[in-house]
Amino acid sequence: MENLSPQVPVATAAPSADARQTLIEVRDLKVEFDIRGGVVKAVDGLTFDIRRGQTVGIIGESGCGKSVTARAILRMVPKPGKITGGEILYYRYSRYPDKSGKTKEIEVIDMTKLDPDGELVRQIRGGEIAMIFQEPMSSLTPVYTAGTHLNEAITLHRLLPIKKLGDQMAEKIMQYRPVTKEEAREIAVQMLRRVGIPKPEQRVDSYPHQLSGGQRQRVMIAIALSTEPYMLIADEPTTALDVSIEAQILDIMRELQKTANMAIMFITHNLGVIASMAEEIVVMYMGKQVERAKVVDLFYNPKHPYTKALLQSVPKLGPKTGARLASIEGMVPDPLHLPTGCVFHPRCPAFMAGKCDKLIPNWTKVGENHWVRCLLYEE
Amino acid sequence: MLNYLIRRIGYALIMVVLVSFVSFVIIELPPGDYLTQKIEQLRARGDRSAEQQVEMLRARYGLDKPFLERYINWAVNFVRGDFGESFEFERPVSEILGARLGYTVILALATTLITWFLAIPLGVLSAVRQYSLTDQVISVISFIGLGMPGFLLALIIMYFAIIVFNLEVTGLFSPEFQDAPWSFAKFLDLLNHLWLPALIAAVTGIGGLVRIMRGNLLDTLGQPFVESARARGLKNRTVIWKHAVRIAINPLITILGSEVFPSIVVGSALVSIVLNLPTIGPVFVDSLRKLDMYLAGTCIVFLTIMLLIGNLVADLLLAWVDPRIRLE
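So the sequence lines, in the order shown, correspond to chains A and B.
So for the first sequence, this note's numbering puts the first residue at 1; every next one is plus one.
So for the second sequence, this note's numbering puts the first residue at 1; every next one is plus one.
One chain only, chain B, in its complex shape (with noise of 0.2 Å):
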């Protein structure tokens, strides 16, 4: 077991470096760079003099290097957590992303919760209740949910927050806990803002996840195990939820690491712009979209080591829920 979670890791570094330097590649693939961009700019303002300055710019950002050059520094400072500079910006990478990292971190686990806990027993609900009305309503509900983009929810919601409600929807604090150092009040404000967000967030890995429930508990509850369980005389309810939702939710564990968690990381990006919310998502939209190369390349090796931690806990969960793969 040891064994094989040192051999998952050392994957998992591969893959990381894999991923940052074909996201470099493909930032870098556009021509010109970000301060190509900016002396545009400058010079449709008619500003000669920063021709010079954008020298000196580039030779301080190392833009006049080979791309090759430029990566390598690049990861090995990444190595010791110096991040890189933020063109936008002008401030270090590190600076801009730290507190939203975390942020981020506690969306996706919220989201991912909120997915998990109503997800499941609806699952179930919809396939123990198989075309009862309840089982009917669930299934609309999820098909909504399923088509509806978060970002489009998120919308609809904060309109009816504003305007209906004359509900503060927008951010993770409070104001007047914006800059306060970090208290338990403040982690209490944190939570109130943080569910709804969340739960927009899981809207869409919900409405699919019910419906997978739904059908793997289907066809386990046609398993002679479930039968003969029942012929036990265990209550039906033991029978449901330690036999076959035990079983049901086997492929569920690999979808949550492989499809669940990377859509809530890239989903909630949008939510995020819409909500305001001061995770990597926005920033990440921001710098690729203005070539801003070192927190564009911080941000994708942040959220890649965060689907690969994501996956690696699914699999380490399933290999405790199920004896069958677990590895000798």
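Okay, chain A solo, but in the shape it has when bound (with noise of 0.2 Å):
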């Protein structure tokens, strides 16, 4: 078969990171969840962006709102939340020309502003942003064969170009067309080979029970990476697999990147699986970005409070010392009823009395992007 690959203007390799174009940007986010007890702001200011190929890793507590982020980007936040303030600009170049042939110029569309079921965010739900997810024992539908739900993706995003006999010149005007049922298939065999799924062509007709856990997050791998996204949001994708399993899908996540050139917000508890992903790190509390750092800074000099206490729970392999494994104090707050000031007051060892229980933290530039909100690093 013919390389199935879309022509895809791959934005060449920039010489330095930092000149990559921005894919994401999202601007004093907030979303609120409106329960019976109140309001529980889920995101509250949070902005950051994610340039093309480049990994994000949003880090923090279970319910510090992480994945609130992730499905806000995508407008897929659970009843009853909802996206209150802020943007997330995407800066979208369609793929594929469209009906007079013309491809597009960048186009930075608001995701905030798009009605949640419209046809313009399933297009780019899925096709430019895929997101996997924390389970993959249960992310696939019981019911169907990994090569229904990888048909799925591929039939609804995939356009093959038009192959015009005798005019192989440069033509500029491309014209595309749906895959058919074989080439969807095809390719998601290659998708299955291409995640380290063994006998593809047998596997593709298995059912979920049919595979193991590691299988299966491989399979929503390749399901969201059939459709050649921009980027991949991967919601704790290795949380529920065992660490030989884990090394193995991060190592594919890592080697599909590279040749795709795609952009990933990896979001995770786990602080050894960030800082070997990441290029830059979003720490949260309690729907709060309290700092952002390139990875290496954020490792050798955290700054907040929070980050350091992070860090320094983190259990280290070596000679017995007997020193008890260091834990934050105290609880996470209700979400309901938030500390004054900075969030992480009373839970913080640099506690400043008169000061931290009083004033909200700005968000304060501390080095070259290395940012923090707390009032140790405020004037």
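Honestly, the hints are just simulated from the structure, not real lab data.
A quick note: this is a predicted structure, and the numbers were derived from the prediction, not measured.
Some hints could be false.
Calculated cross-link-like contacts (lysine-lysine; reagent style DSS-like; alpha-carbon spacing at most 30 Å) [what the hints assert, rightly or not]: (1) B:Lys-242 with A:Lys-113; (2) B:Lys-242 with A:Lys-181; (3) A:Lys-181 with A:Lys-199; (4) A:Lys-79 with B:Lys-235; (5) B:Lys-235 with A:Lys-30; (6) A:Lys-258 with A:Lys-199; (7) B:Lys-235 with A:Lys-113; (8) B:Lys-290 with B:Lys-38; (9) B:Lys-235 with A:Lys-82.
Work from the hints to combine the two standalone chains into their complex.
Here is the structure:
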């Protein structure tokens, strides 16, 4: 079969990371859940951006708003959640020319303004920004084969160039057609092979219950990548897997990212995983972004007391020291009654009475590409 | 699969034998038999000569033989297609039940179809629009349907149909078609008369199924595979019907075989009595009261067979719908 890849105008590898084009720009995002007891601010003033081909990690405790952020980008915030402020700018350039045959320039779409069930969102969802989830065991519909799942994504989002006979000259106007059933299956098998599933020709007809947890997550990745998205949102993709499988899955993701020049938004609470995957990290606490830095800066020079505490609470291998594992004092506050001032102040080792519980810290720059939200670093 | 089918049919046969035996025992339990009742009646009327006549009948129907012999005789003849004779009507059982059996099956099927075609969309709508006005209205109506016995509804509808709309609602045929040979017009007439009783008999089942469908779908909609289907960019409608409903419907298929179908067969007996439908139900109830044992036994066996077939169909349907339980 011919090369089934569409002619993606790949952004030529930029010389330095920072020169790469912006793909997603989240500005002051706010997501609220209006529940019986009150309003939970699941995400409160989140700002970050992701460039093409870049991996951004988002870390934080359970319930800090990581997953909600991911869903907000795809406009899939579950009820009764609502995006109440900010914007999510998606720098889209359409992969396929429109009906008049022209390829459009980059178009900036504010995802927060779109109809969450609309045509445009559905094109982006899965086709341009794909997502994989925490629970591979139940992320595939039990009554459909791996192939059926792949097929759905492929037929929905992939188009193939029409080859004109005797017209191989540089034809600027390319035409595309939907994939046929056979081609979709072909692509499905190819994808399964790429994610390292043995005997993909047979496995494509396996039902989810015939696959192991690791294989299911591979299938999920295959589905996500079968549409050649510009960005992959990975919401704790390896949490439910054991360590050796986790390493394999991470390898596959890194591998495929390199070949496809795809951005990854990697959500996790596993600091070890994030250190090996991400270039830039956003630390969240109770819906607020507390620190953002390059991975090296964050691990070697953390600024926010919460980040420091998180890093200290990672168990270390090595000679027995007899020291107890450090943990963060206190409890995660009730999301309905967040503390005044800095939300972290009741648990903060660097708590400054009369200041931290009264003043809301600002987003402060403390170094190149290193931002923190803490009164310690404010004038 | 074929093995499984053969085994299931084998079990079903054993079941039929057991059920028929047990029902025979139960019919036998009250003191006396049909003829004792008859003698009492005749005596009360002062008919002396009846005594000998009764002895003759007793011998003819085999009522003088021991119970086990009578059962075996009947069962063996049953397999041959001879279902015995009804005491009450003094005619062969097959003649009495013949046409009724067909109508019973048709009514049960129509009721089942109506139950499903109404209950599933209503349940889905109710779940997808959880807590909306639509959901509340559907819920209230389905609770009323669940709580209202079919025969009561039949009486109410009959009242309104006859008094207010001046309609003919009883029976399965218009008078002019009652004894007419089968034709397309007669078939249409049957359909015309069938939908109302079927709908009435379906109401209870619909009420329950709507609630179950709603609950299951709400459960399923919270599953990760629904979210990941949506994340693939599928239309909301595709996500709901192809991914969520497909899973949520499984328990309903089991319920179809084990609860809905039996309750339709049983529940429609009362509706049939009220609406004067020529199904097995009314005859069966009557035969039990009169200890007309061959007739009652045959009714029970046929109802059992219907249930077993319903169950088997539900199980096969489930295996077809859900690969996880498909047998190798």
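These are the hints, each one checked on the structure:
no.: 1; hint: B:Lys-242 with A:Lys-113; result: holds (28 Å)
no.: 2; hint: B:Lys-242 with A:Lys-181; result: holds (18 Å)
no.: 3; hint: A:Lys-181 with A:Lys-199; result: holds (20 Å)
no.: 4; hint: A:Lys-79 with B:Lys-235; result: holds (17 Å)
no.: 5; hint: B:Lys-235 with A:Lys-30; result: holds (26 Å)
no.: 6; hint: A:Lys-258 with A:Lys-199; result: holds (24 Å)
no.: 7; hint: B:Lys-235 with A:Lys-113; result: holds (19 Å)
no.: 8; hint: B:Lys-290 with B:Lys-38; result: holds (10 Å)
no.: 9; hint: B:Lys-235 with A:Lys-82; result: holds (20 Å)
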